[in-house]
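Asker: Listed below are the residues making up each chain.
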Amino acid sequence: MADPKKEFDWFDKPTSRKLLWWVLWITCGITVVAELFIHRHPHFGIDGWFNFYSILGFVGCAAMILTAKALGVYLKRSEDYYGEPDEDTPSKDIDGNAS
Amino acid sequence: METLANIPPSFLLFAGAIVTVLLKGTRRNIFLVALPILTFIHIAYLPSGNGLRVCFLPGFGDSELLRVDKLSKAFGYIFTLNAAAALLFAFYVKKAIQHTAALIYIGSALGVIFAGDLITLYINWEMMAVSSTFVILARDTAKAKCAAFRYVMVHIFGGLLLLAGIVMTVSKGGSIAFDSFDYANANLGTWMILGGFLVNAAAPGVSAWLSDAYPEASVTGGVILSAYTTKTAVYVLLRSFHGWEPLIWIGCAMTVFGIIYALLENDMRRILAYSIINQVGFMVCAAGIGTNMAISGATAHAFCHIIYKSLLWMSAGAVLYRTGKSRCTELGGLYKTMPLTLLFGTIGALAISAVPLTSGFTSKTIIIAAAEHEHLLWPWIVLELASAGVFLHAGIKFPYFVFFNQDRGLRPKEAPGTMLWAMGILSFLCIYLGIRPKALYDILPYTVDYQAYTTSHLVTQMQLLMFSALVFFLFLPMLKRTPTIVLDTDWFYRKGGQFFYSTCDICLNGINKIAHKTLIAGATKKLCYFAKEGPANLLTLILTPFWEISGNSMDQREKLREDIRENMRKGVFPIGITACLSVLLIAVLFFF
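Chains U and P supply the protein sequences, listed in that same order.
Heads up: the first sequence begins at 8 in the working numbering, then just goes up one per residue.
Heads up: the second sequence begins at 101 in the working numbering, then just goes up one per residue.
One thing to keep in mind: the hints can contain errors.
[Said to hold, decoys possible] Okay, the calculated bits of chain U under chain P, using three or more residues with CB under 8 Å as the criterion:
1. 27-36
2. 40-48
3. 60-73
[To be verified] Calculated pairs, PhoX-like style, for lysine-lysine (alpha carbon to alpha carbon, straight line, at most 20 Å):
4. U:83 - P:580
5. P:124 - P:194
6. P:613 - P:595
7. P:625 - P:613
8. P:195 - P:245
9. P:626 - P:613
10. P:170 - P:632
11. U:76 - P:580
12. P:425 - P:513
13. P:595 - P:243
14. P:595 - U:83
15. P:436 - U:20
16. P:425 - P:243
17. P:580 - P:632
18. P:436 - U:13
19. P:513 - U:13
20. P:670 - P:659
21. P:170 - P:124
These are calculated hints, taken from the structure and not from any lab test.
Since the structure is predicted, the reported quantities are computational estimates derived from the model, not experimental observations.
Glycine residues also receive a C-beta, built at the ideal position from the N, C-alpha and C atoms.
Full structure from sequences and hints, please.
Answerer: See the structure below:
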């Protein structure tokens, strides 16, 4: 019998994660195939290419992540870089409710 | 009724700010929620046209405190609606000071929206800067104080640009009326006004105040701040700089800049701050396009953006309130104990990503369609790319790293009831405006002939979003968070300030040290020694040959020297020696 107090941890399970991966791939596949059944009105020419938006989404996002990663080498610094005090604020103190 | 129609909505909130101080407890909280709702109703009943005029600066013409049209009304509606939700969210706050500052801040934002002239606009503009600084200071931490100081300095700079621009425009024979500026006849004054507006719009190069200060504000402060400063800037750009081509490119740069930085960031509220820059970029770009469709699109987007961005700041705020943490490296697995916060946060994340059935899909896409209608290929590509990127950083990254990812063992309670209610209301609006956008389209400044829900649009939008989601999960190892900060343009004044301070320290204190060494410790000491020992040594030098001739021994001479020194110290000499020295002095004076 399942423990009633056991917390909900479905997303932590490897089987669930595997299932979500499948859902993602299948949804991507459906959007690709769906283009065969629609009639589009491209404005610029290139947006008339088959699966232009899928390619734009994939290549564009990959390029942005790689750019961010490359820039991170130069732009990331440790948290005390500016030498400001970093007090650990207890949650009850936020908004000054504790005082 | 006529008197009521002449009351600027900002006055209601200013009066409310005073009343807030007098009230206490739940009564105050209820009043705070009711006041923006009353202001909303007041705005709804304001007749279009010009209202209250006062002569503030004789010679400049009348100041117009109330100018009502569809554009100002649309912004007025969302400003007050958001204020009601944010103050419901803030039901738990016990200190009045934050609410007072917030009401003056929101009131002055409304003052800008309904201003019919540049002087009224400028006064409200500066009031916004000052009152929002107090909203940041309300967090009452050392970091918040430092951030608030930098924030107000940048806004003073922006305000001075605006003031200089207004003065130059008026001195060249222009009127103080706040209307559109002509791009073809632009002069230094109008460019400076644009510069002042762009500081508040967080344009590239002057955007760091936003990502620096907003995340340091309190839980409620962040929610309130996220809505007004940048959107007021969008409003003034839409009204007075529509069709200015440079804004298209500035907007495009903002959309990409926001994404790249949000991807690099570790703090959840700083991710949302960069996401504001990204979203405002769409609106600035629309102002640059300047067509009726673009202006209506930007207004619709600003309306929906304020709702879902507040919702995202609320969900992040609820997490911060319960856990006291805001770094992605310290958060994770919160879906187990904060499911409702997750649900509402996810609705906000889906809406910002323009997922069909949410408000982002029915508003942001109008701007993209406007770029398409004007055949602006590159801006259109950048905006589409930015739409995909939004899903990447705000749509997935924020909820994933905060609520899922790695379980850090945090088991906080669900957010308080009023917070959930506020988030629930905004979530409802996100979905309602996504399904029934007509209610929104009816209040836009220009009639919109736009149909978001076509099969073609649905498929292409889902292609864009799903493949961006695929990239996120495929590249997840590269997106692993690190406990770091990212350098932004605030580096120039933060490190520049430190450099200036240490340079002044080295230069000025160096001069001081050298002056001390040479003058105080060196020359003065020597002068003092000379004044003290000089006459005795001189006298000894003169008398030594006489002592030698007199046949005094070494010991006797030494004793005589000591006697002279002692007499010098005490200032007592035999009369003969004094007379001799006097003669010597007179001789010196005589010859030289």
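Asker: Report the numbers of all earlier hints that the structure fails to satisfy, in ascending order.
Answerer: As far as the earlier hints go, 6, 10, 17, 21 are violated by this structure, in ascending order.
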